[in-house]
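Enquirer: Sequence:
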Amino acid sequence: MSVGASTAALLAEERRHASGLYAQEIAFVRGEGVRLYDADGRAYLDFASGIGVASLGHAHPRLAAAIAAQASTLIVCPQAYANDVRAAFLARLCELAGGGLTRAFLSSSGAEANEAALKWARAATGRTKVVAAQRGFAGRTLGALAATWEPKYRTPFAALLDGVEFVPYGDLAALESAVDGGTAAVILETVQGEGGINVPPDGYLAAVRSLTRATGALLVLDEVQCGVGRTGRFLAAHHEGVEPDVVTLAKGLAGGVPVGATLMTEEVAAALPKGGHGTTFGGNPLACAAGAVVLEELTTGGLMENAAAMGERLLTGLRSLVGRRVREARGRGLMTGVELRERAGPVVTELRSRGLVTVAAGPNVVRFLPPLTLTAEDVDEALAIARQVLAA
Numbered sequence: 006m007s008v009g010a011s012t013a014a015l016l017a018e019e020r021r022h023a024s025g026l027y028a029q030e031i032a033f034v035r036g037e038g039v040r041l042y043d044a045d046g047r048a049y050l051d052f053a054s055g056i057g058v059a060s061l062g063h064a065h066p067r068l069a070a071a072i073a074a075q076a077s078t079l080i081v082c083p084q085a086y087a088n089d090v091r092a093a094f095l096a097r098l099c100e101l102a103g104g105g106l107t108r109a110f111l112s113s114s115g116a117e118a119n120e121a122a123l124k125w126a127r128a129a130t131g132r133t134k135v136v137a138a139q140r141g142f143a144g145r146t147l148g149a150l151a152a153t154w155e156p157k158y159r160t161p162f163a164a165l166l167d168g169v170e171f172v173p174y175g176d177l178a179a180l181e182s183a184v185d186g187g188t189a190a191v192i193l194e195t196v197q198g199e200g201g202i203n204v205p206p207d208g209y210l211a212a213v214r215s216l217t218r219a220t221g222a223l224l225v226l227d228e229v230q231c232g233v234g235r236t237g238r239f240l241a242a243h244h245e246g247v248e249p250d251v252v253t254l255a256k257g258l259a260g261g262v263p264v265g266a267t268l269m270t271e272e273v274a275a276a277l278p279k280g281g282h283g284t285t286f287g288g289n290p291l292a293c294a295a296g297a298v299v300l301e302e303l304t305t306g307g308l309m310e311n312a313a314a315m316g317e318r319l320l321t322g323l324r325s326l327v328g329r330r331v332r333e334a335r336g337r338g339l340m341t342g343v344e345l346r347e348r349a350g351p352v353v354t355e356l357r358s359r360g361l362v363t364v365a366a367g368p369n370v371v372r373f374l375p376p377l378t379l380t381a382e383d384v385d386e387a388l389a390i391a392r393q394v395l396a397a
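Going by my numbering, the sequence shown opens with residue 6, and the numbers climb by one from there.
Quick caveat, the hints were computed from the structure, so don't treat them as lab data.
No residue lacks a Cβ here, since even glycine has one placed at the ideal position from N, Cα and C.
Hints are not guaranteed to be accurate.
[Unchecked claim] Cβ-Cβ distance ranges computed for the label pairs, FRET-style:
1. Leu79 to Lys157: 16 to 24 angstroms
2. Glu19 to Gly46: 39 to 47 angstroms
3. Pro368 to Arg329: 16 to 24 angstroms
4. Gly306 to Ser182: 13 to 21 angstroms
5. Thr354 to Leu26: 15 to 23 angstroms
6. Arg329 to Pro278: 52 to 60 angstroms
7. Ala211 to Gly283: 46 to 54 angstroms
8. Gly360 to Tyr158: 24 to 32 angstroms
9. Ala211 to Gly46: 30 to 38 angstroms
10. Gln29 to Glu272: 25 to 33 angstroms
11. Asp45 to Ser182: 32 to 40 angstroms
12. Glu333 to Thr354: 39 to 47 angstroms
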């Protein structure tokens, strides 16, 4: 297939060999800032960011330069050996996370980060039970899948890791009934993503923290989607002042280069024996070099403050659309969802046809996850398109 092929030609070519799991309808070939370009040259506002991955937008100059420089220096260095780029990245990552999260296991995805968290929780507590949230999403690998609520993801692969109990998200009484002396961990998304952009009630996470301490269970916060500045703070847990035992990160952590991180306290880290877990690609210098740029841009580039301000502007605009087709708009920072009174899929398609890329979050929620670099003009342009579709 030659460079410059049309969208139709690229779709046909990829469908010849792809797994068939995805219903591809468009072929993107280039990106710049908050915009994507398809094979026919049409521009789109990207308010999906590869599901929250392109935190610095597309073709970010500093990120691209760091990746190129590291690729010409050293790409592969397993964590069995030390590395200068990884050491610096880990130090800054743990500093920003704070709250006693001084140790990190690096992997290549959010599912892997959650797999590691579940193993460490078992090792640290000697227990096996896990309590998770309804509408929660931990990943689709067999271990993490057990803590993913959506039956359509779990049912075809039963039997899974046993001992997982699901409770309604935000319901403290239900959680208190579920957590007992056999509970190894409570695992929660600090803000639910796939389940519909659900923000916890005020005080809920602090109460969960108190409950887990009282029962000896670990608190594992899944910040794969909501972490790394997306909500306006480095961790979404920082809004509540909650200090978990384990935090998982991925998606936007390296701006598009695959990376996952399981952050934990000294006590938790010490529980797993040497050789108890491992990875081939995790912690490679290329991903760490990209991650270091993201962390610097978040702090010195003001991107967390921008996420808070632009998120408020976006949410205010989306709330103005509540009416016949829109039930509610909710979110935190640049993690925003519009709950519809109809199915989300056709609306996502209609928005894209008008030049705005979004992604569904469950059956009836449209997710807006733009790069943290977007401007007020970008927000207003996206709102104008959303208004055309949702106010119709």
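Enquirer: Could you run down the list of hints and mark each one as holding or not?
Expert: For each hint, the structure was consulted:
1. Leu79 to Lys157: 16 to 24 angstroms: Check failed, 42 angstroms falls outside 16 to 24 angstroms.
2. Glu19 to Gly46: 39 to 47 angstroms: This hint is violated: roughly 19 angstroms between Cβ atoms.
3. Pro368 to Arg329: 16 to 24 angstroms: At roughly 18 angstroms between Cβ atoms, Arg329 and Pro368 fall inside 16 to 24 angstroms, so the hint holds.
4. Gly306 to Ser182: 13 to 21 angstroms: violated (45 angstroms)
5. Thr354 to Leu26: 15 to 23 angstroms: Once the Cβ atoms are compared, 18 angstroms apart, the range 15 to 23 angstroms for Leu26 and Thr354 holds.
6. Arg329 to Pro278: 52 to 60 angstroms: Since the Cβ atoms of Arg329 and Pro278 sit about 59 angstroms apart, the hinted range of 52 to 60 angstroms holds.
7. Ala211 to Gly283: 46 to 54 angstroms: Roughly 35 angstroms apart at Cβ, these two residues miss the hinted range, so it is violated.
8. Gly360 to Tyr158: 24 to 32 angstroms: holds (31 angstroms)
9. Ala211 to Gly46: 30 to 38 angstroms: violated (51 angstroms)
10. Gln29 to Glu272: 25 to 33 angstroms: violated (46 angstroms)
11. Asp45 to Ser182: 32 to 40 angstroms: violated (55 angstroms)
12. Glu333 to Thr354: 39 to 47 angstroms: Since Glu333 and Thr354 have Cβ atoms about 21 angstroms apart, the given range 39 to 47 angstroms is violated.
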